[in-house]
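Trainee: What follows is each chain in one-letter form.
Number of protein chains: 2
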Amino acid sequence: MREARRMIVRMAELEIDPDRIDAYTALLSEEIEASVRLEPGVLFLFAVSVKGSPNKVRVIEGYADQAAYDAHLTTPHFLKYKTQTADMVRSLRLVETDPITLKAKDQISN
Amino acid sequence: MREARRMIVRMAELEIDPDRIDAYTALLSEEIEASVRLEPGVLFLFAVSVKGSPNKVRVIEGYADQAAYDAHLTTPHFLKYKTQTADMVRSLRLVETDPITLKAKDQISN
Numbered sequence: 045m046r047e048a049r050r051m052i053v054r055m056a057e058l059e060i061d062p063d064r065i066d067a068y069t070a071l072l073s074e075e076i077e078a079s080v081r082l083e084p085g086v087l088f089l090f091a092v093s094v095k096g097s098p099n100k101v102r103v104i105e106g107y108a109d110q111a112a113y114d115a116h117l118t119t120p121h122f123l124k125y126k127t128q129t130a131d132m133v134r135s136l137r138l139v140e141t142d143p144i145t146l147k148a149k150d151q152i153s154n
Numbered sequence: 045m046r047e048a049r050r051m052i053v054r055m056a057e058l059e060i061d062p063d064r065i066d067a068y069t070a071l072l073s074e075e076i077e078a079s080v081r082l083e084p085g086v087l088f089l090f091a092v093s094v095k096g097s098p099n100k101v102r103v104i105e106g107y108a109d110q111a112a113y114d115a116h117l118t119t120p121h122f123l124k125y126k127t128q129t130a131d132m133v134r135s136l137r138l139v140e141t142d143p144i145t146l147k148a149k150d151q152i153s154n
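Order-wise, the sequence lines are chains A and B. Residues in the first sequence are numbered from 45 upward in steps of one, following our numbering. Residues in the second sequence are numbered from 45 upward in steps of one, following our numbering.
Note that these hints are calculated values from the structure, not bench results. No incorrect hints appear here.
Pairs count within a copy or across copies, as identical chains cannot be separated in the list.
Mimicking DSSO-like on lysine-lysine, the simulated pairs with C-alpha atoms at most 30 Å apart in a straight line are: (1) Lys126 with Lys95; (2) Lys100 with Lys124; (3) Lys149 with Lys100; (4) Lys95 with Lys149; (5) Lys147 with Lys100.
One chain only, chain A, in its complex shape (with noise of 0.2 Å):
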């Protein structure tokens, strides 16, 4: 059992030109592999287009707390994401939110 007070859950709305999604997909799949491997505190990160616009991408992450958001934004593989991609990425909207329940089978990567 989290502690779901201390958990942060917080959603990315972007929208990637879309000459780019190829390129800008593959970036973010190796950040979030990477993410999720090697940072204890990263406890999910999920990557999904809107069915029908393939450059409209939403980001539903998990923290375990405020300082393993903040140490994920510090590393090699977050700051090659963040330089490579930022030409890719016409806009971005963080909504940040409360978890209420989260429930999820041991293994639920793809």
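Fit chain B to the known structure of chain A by using the hints.
Mentor: Using the frame of chain A, we list chain B on its own:
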């Protein structure tokens, strides 16, 4: 490794009657807990509210495939949730998605 191309991920964006938030979240939490525990094809259900707007609820839903989702809709716990919350939900928008990359630690439930 899940078969990403068969996995279904969608987001429900709900607006709840502000006077019924506690009753609504209790029913939603009960439904989420039962679904992930009892249904092999329900991979995860994450419910959050938008910070500062506790009546704006988002549920991120993951199912193994279409059959798992169809089965979920016929379960007693889902039908109980749907019936008992019907007059608490002011609006419901479903966002269908295509999964890009989903990675998670083995234990992420709160």
